[in-house]
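J.: Sequence:
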Amino acid sequence: MRWNVLVGAGSCLERPYEATGVVGNLTARAVKSAVHSTKPPLSSSERVFQSSSKAQAVDAAQVAPSPSPSKLEALGGGRAGIVIVAHDRTDTLARCLDSLLQQPDLSLFRLAVSLDHAPSFDKMEAVVRTSSSRYQVNVWKKPDDPKQKVPVAKIAAHFRFALSQSFEVAKFEFAIFIENDLVLAPDFLWYFRITAPLLEHDPSIWCVSSWNDNGFSEIASDERKLFRTDYFPGLGWMIRNDTWSMLAPLWSSFPSTGWDHWIRHGVPQLRYRDCVAPEVPRSKHVDTKGTNVKAGSGIYKLLEKMAFSKLPNGELHDVSYLLRDRYEPYMQKVLQDAQMAPNLESLRDFVGQSDSNLAQPVANPKEIKGLRPLPPTPGHIFCGA
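Numbering (UniProt numbering), first residue to last: 1 to 385.
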């Protein structure tokens with residue numbers, strides 16, 4: 001028994017210092033109807049929440065929804081590629097490759113490893129040859145760029161290279177990008193196969209991620225539940241070629257805080273489009289010597305608490321409820337049926353008491369920082385808690 005807590009705004013954790021949103025972009029129709037059904041009359045903070053949500057919805061509505069198909073078929077063979085993005089760590093590459101090569105659906109994908117550290121090319125390529133004797137794995141080698149001095153800029157340039165190789169050279173229709181410090185859940189590839197049609201049929205969805213920054217084992221348990229979020233989770237993610245065509249001319253060569261931060265905050269064309277993410281993550285971070293994660297650090301300790309799906313391959317089924325014209329009525333009903341918490345301080349008292357949804361609109365993200373297991377982001381990103 002548990003309460004699902006829905007709030008209007010939250011302070012979050014960017015990767016690693018932001019957390020994903022839960023609700024994503026709702027239309028004015030859904031939010032307006034849901035909020036108007038709530039009694040008693042709106043408080044001042046609720047009015048702010050309604051106004052903010054409505055303003056977002058007007059812009060979101062500019063993305064025309066596609067008619068929903070009656071059923072979404074899992075992605076077939078020959079249409080997608082998988083790219084492991086690696087630098088110079090042979091141990092993490094071997095572990096990631098081993099995890100990938102155990103996936104039941106691997107034969108349906110084309111495989112590549114993208115490298116960007118010339119002094120390590122030989123030893124990294126040797127790992128690929130040793131680990132992948134049963135499959136053809138292409139190795140892409142990014143030319144060195146002396147202008148790239150800062151690690152975050154080098155990483156951004158490497159991802160641009162990997163994206164360009166995937167969609168402009170290899171001509172993948174869909175591509176899944178995996179950082180080499182990840183290991184994968186049993187249904188990792190099936191998860192992407194079953195969600196790929198969402199990118200075809202719903203222009204308000206631009207990516208699918210295997211990660212959930214809120215996917216802590218104490219609160220994430222439903223391995224079959226997926227959601228939409230206006231935040232880019234990363235850590236094992238898929239886009240379609242049309243999205244790269246839009247991003248390519250905009251890509252930041254020298255992001256001050258990382259390419260993924262730029263994706264989240266620096267691309268107006270993505271502002272009112274969503275990603276799909278799982279309640280229980282399909283990827284797990286295992287490295288302790290990376291650019292962002294060190295053994296014993298606060299981020300490392302948080303990542304140790306993340307849930308990791310054990311759902312067998314093929315057991316995740318129809319995900320058409322995530323299509324915009326179905327998801328909005330669903331979220332409208334969630335908000336309509338949710339019990340309003342008396343105040344923020346009382347939320348913890350409801351945890352574990354019911355399977356119902358508990359809602360509390362707020363106007364200031366600082367108000368709920370005490371409810372989260374994560375520290376607040378300096379940017380106070382508005383998202384679900």
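Take these hints with a grain of salt, some might be off.
Said to hold, decoys possible - Below 30 Å or equal to it, Euclidean Cα-Cα: the simulated DSS-like pairs (lysine-lysine) are:
hint, residue 1, residue 2
1, Lys225, Lys305
2, Lys171, Lys147
3, Lys141, Lys154
4, Lys305, Lys71
5, Lys171, Lys71
6, Lys141, Lys123
7, Lys310, Lys154
8, Lys225, Lys310
9, Lys225, Lys141
10, Lys123, Lys154
11, Lys301, Lys333
Unchecked claim - Label pairs and their computed distance ranges (CB to CB):
hint, residue 1, residue 2, range
12, Val334, Gln136, 40 to 50 Å
13, Asp145, Ser68, 14 to 24 Å
14, Ser133, Pro104, 32 to 42 Å
If you are wondering where the hints come from, they were derived from the structure by calculation, not from laboratory data.
Glycine is no exception: its CB is placed at the ideal position from the N, C-alpha and C atoms.
J.: Look at each hint and say if it fits the structure.
T.: How the hints compare with the structure:
1. Lys225 x Lys305: 19 Å, holds
2. Lys171 x Lys147: 28 Å, holds
3. Lys141 x Lys154: 14 Å, holds
4. Lys305 x Lys71: Judged against 30 Å, a Cα distance of about 36 Å means the pair is violated.
5. Lys171 x Lys71: 27 Å, holds
6. Lys141 x Lys123: Roughly 13 Å separates the two Cα atoms, so the pair holds.
7. Lys310 x Lys154: Distance ~34 Å between Lys310 and Lys154 Cα, so the pair is violated.
8. Lys225 x Lys310: Roughly 13 Å separates the two Cα atoms, so the pair holds.
9. Lys225 x Lys141: 38 Å, violated
10. Lys123 x Lys154: 20 Å, holds
11. Lys301 x Lys333: 36 Å, violated
12. Val334 x Gln136: 40 to 50 Å: At 46 Å between Cβs, range holds.
13. Asp145 x Ser68: 14 to 24 Å: 44 Å, violated
14. Ser133 x Pro104: 32 to 42 Å: About 18 Å separates the Cβ atoms of Ser133 and Pro104, which means 32 to 42 Å is violated.
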